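J.: Please put together the full structure from these sequences, using the hints given.
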Amino acid sequence: MIEITRIPCPTNELIQLVFNFRLLLNKLNKSTQENTFDEAIEETNGYFTVNKQVYSMSLDSRIIGFSVLKIEDTVCWLDYIFIDQEYRNKGYASQLFDYTENVAKIIGSDQLYIWVHPDNNQMLKFLKKKGYNTLNLIEIKKFKENKSISIPILENNFQY
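Just so you know, we're using this note's numbering here: the sequence shown kicks off at 1 and counts up by one.
One or more of the hints may lead you astray.
Here are the computed distance ranges between Cβ atoms for each label pair [to be verified]:
| hint | residue 1 | residue 2 | range |
| --- | --- | --- | --- |
| 1 | Glu3 | Asn89 | 36 to 44 Å |
| 2 | Tyr87 | Asn120 | 13 to 21 Å |
| 3 | Thr32 | Asn120 | 12 to 20 Å |
Only pairs whose alpha carbons sit at most 27 Å apart, straight line, appear in this in silico BS3-like list of lysine-lysine [as the list claims (entries may be wrong)]:
| hint | residue 1 | residue 2 |
| --- | --- | --- |
| 4 | Lys105 | Lys129 |
| 5 | Lys30 | Lys142 |
| 6 | Lys70 | Lys129 |
| 7 | Lys27 | Lys129 |
| 8 | Lys90 | Lys130 |
| 9 | Lys128 | Lys27 |
| 10 | Lys52 | Lys130 |
| 11 | Lys130 | Lys70 |
| 12 | Lys142 | Lys129 |
| 13 | Lys105 | Lys130 |
| 14 | Lys105 | Lys30 |
| 15 | Lys52 | Lys125 |
| 16 | Lys27 | Lys105 |
| 17 | Lys90 | Lys128 |
| 18 | Lys105 | Lys142 |
| 19 | Lys142 | Lys27 |
| 20 | Lys52 | Lys105 |
| 21 | Lys70 | Lys105 |
| 22 | Lys125 | Lys30 |
| 23 | Lys52 | Lys70 |
| 24 | Lys129 | Lys90 |
| 25 | Lys128 | Lys105 |
| 26 | Lys142 | Lys90 |
| 27 | Lys130 | Lys27 |
| 28 | Lys129 | Lys30 |
| 29 | Lys30 | Lys128 |
| 30 | Lys70 | Lys128 |
| 31 | Lys52 | Lys128 |
| 32 | Lys125 | Lys105 |
In short, the hints are calculated from the structure, not lab data.
These numbers were taken from a predicted model, which means no experiment stands behind them.
No residue lacks a Cβ here, since even glycine has one placed at the ideal position from N, Cα and C.
T.: Take a look at the structure:
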């Protein structure tokens with residue numbers, strides 16, 4: 001049975017998922033940086049601040065995913081959403097996303113804002129299916145060595 005609940009404090013299961021999440025992000029970013037479990041503990045602790053809410057998705061009492069909402073007045077940002085690898089492509093991310101989006105509406109937010117890494121095609125496709133197709137913010141940074149991908153946005157080309 002699926003259950004989605006707000007988590008009041010870090011748990012070992014959540015920390016393990018955050019560790020797995022970081023490994024996936026490193027793979028996505030083609031990073032060779034090694035993650036440590038201590039870093040996952042520190043990051044997870046950072047999710048539990050005054051302006052953040054953490055939700056877990058459990059299947060038969062096992063946490064299989066989480067989402068983190070950052071709330072500033074009535075503006076809600078989906079900081080993170082993650083489903084463990086073996087539970088992907090079964091509709092769980094969609095259920096967790098819908099739940100998180102509904103929490104934002106209850107808080108009074110008319111929009112859920114989401115920052116997505118430009119290489120995260122899987123998330124971009126997921127969000128498009130959810131009706132998110134409006135570019136809102138563009139983050140610009142200085143050129144980073146060993147990055148030579150050009151991304152066209154409207155009539156401009158940017159290096160990524």
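J.: Determine for every hint whether it applies to the structure shown.
T.: We went through each hint and held it up to the structure:
{"no.": "1", "hint": "Glu3 - Asn89: 36 to 44 Å", "verdict": "violated (20 Å)"}
{"no.": "2", "hint": "Tyr87 - Asn120: 13 to 21 Å", "verdict": "holds (18 Å)"}
{"no.": "3", "hint": "Thr32 - Asn120: 12 to 20 Å", "verdict": "holds (19 Å)"}
{"no.": "4", "hint": "Lys105 - Lys129", "verdict": "holds (19 Å)"}
{"no.": "5", "hint": "Lys30 - Lys142", "verdict": "holds (19 Å)"}
{"no.": "6", "hint": "Lys70 - Lys129", "verdict": "holds (23 Å)"}
{"no.": "7", "hint": "Lys27 - Lys129", "verdict": "holds (24 Å)"}
{"no.": "8", "hint": "Lys90 - Lys130", "verdict": "holds (15 Å)"}
{"no.": "9", "hint": "Lys128 - Lys27", "verdict": "holds (23 Å)"}
{"no.": "10", "hint": "Lys52 - Lys130", "verdict": "holds (23 Å)"}
{"no.": "11", "hint": "Lys130 - Lys70", "verdict": "holds (20 Å)"}
{"no.": "12", "hint": "Lys142 - Lys129", "verdict": "violated (32 Å)"}
{"no.": "13", "hint": "Lys105 - Lys130", "verdict": "holds (15 Å)"}
{"no.": "14", "hint": "Lys105 - Lys30", "verdict": "violated (35 Å)"}
{"no.": "15", "hint": "Lys52 - Lys125", "verdict": "holds (26 Å)"}
{"no.": "16", "hint": "Lys27 - Lys105", "verdict": "violated (33 Å)"}
{"no.": "17", "hint": "Lys90 - Lys128", "verdict": "holds (17 Å)"}
{"no.": "18", "hint": "Lys105 - Lys142", "verdict": "violated (36 Å)"}
{"no.": "19", "hint": "Lys142 - Lys27", "verdict": "holds (22 Å)"}
{"no.": "20", "hint": "Lys52 - Lys105", "verdict": "holds (15 Å)"}
{"no.": "21", "hint": "Lys70 - Lys105", "verdict": "holds (13 Å)"}
{"no.": "22", "hint": "Lys125 - Lys30", "verdict": "holds (20 Å)"}
{"no.": "23", "hint": "Lys52 - Lys70", "verdict": "holds (4 Å)"}
{"no.": "24", "hint": "Lys129 - Lys90", "verdict": "holds (15 Å)"}
{"no.": "25", "hint": "Lys128 - Lys105", "verdict": "holds (19 Å)"}
{"no.": "26", "hint": "Lys142 - Lys90", "verdict": "violated (39 Å)"}
{"no.": "27", "hint": "Lys130 - Lys27", "verdict": "holds (25 Å)"}
{"no.": "28", "hint": "Lys129 - Lys30", "verdict": "holds (26 Å)"}
{"no.": "29", "hint": "Lys30 - Lys128", "verdict": "holds (24 Å)"}
{"no.": "30", "hint": "Lys70 - Lys128", "verdict": "holds (21 Å)"}
{"no.": "31", "hint": "Lys52 - Lys128", "verdict": "holds (25 Å)"}
{"no.": "32", "hint": "Lys125 - Lys105", "verdict": "holds (23 Å)"}
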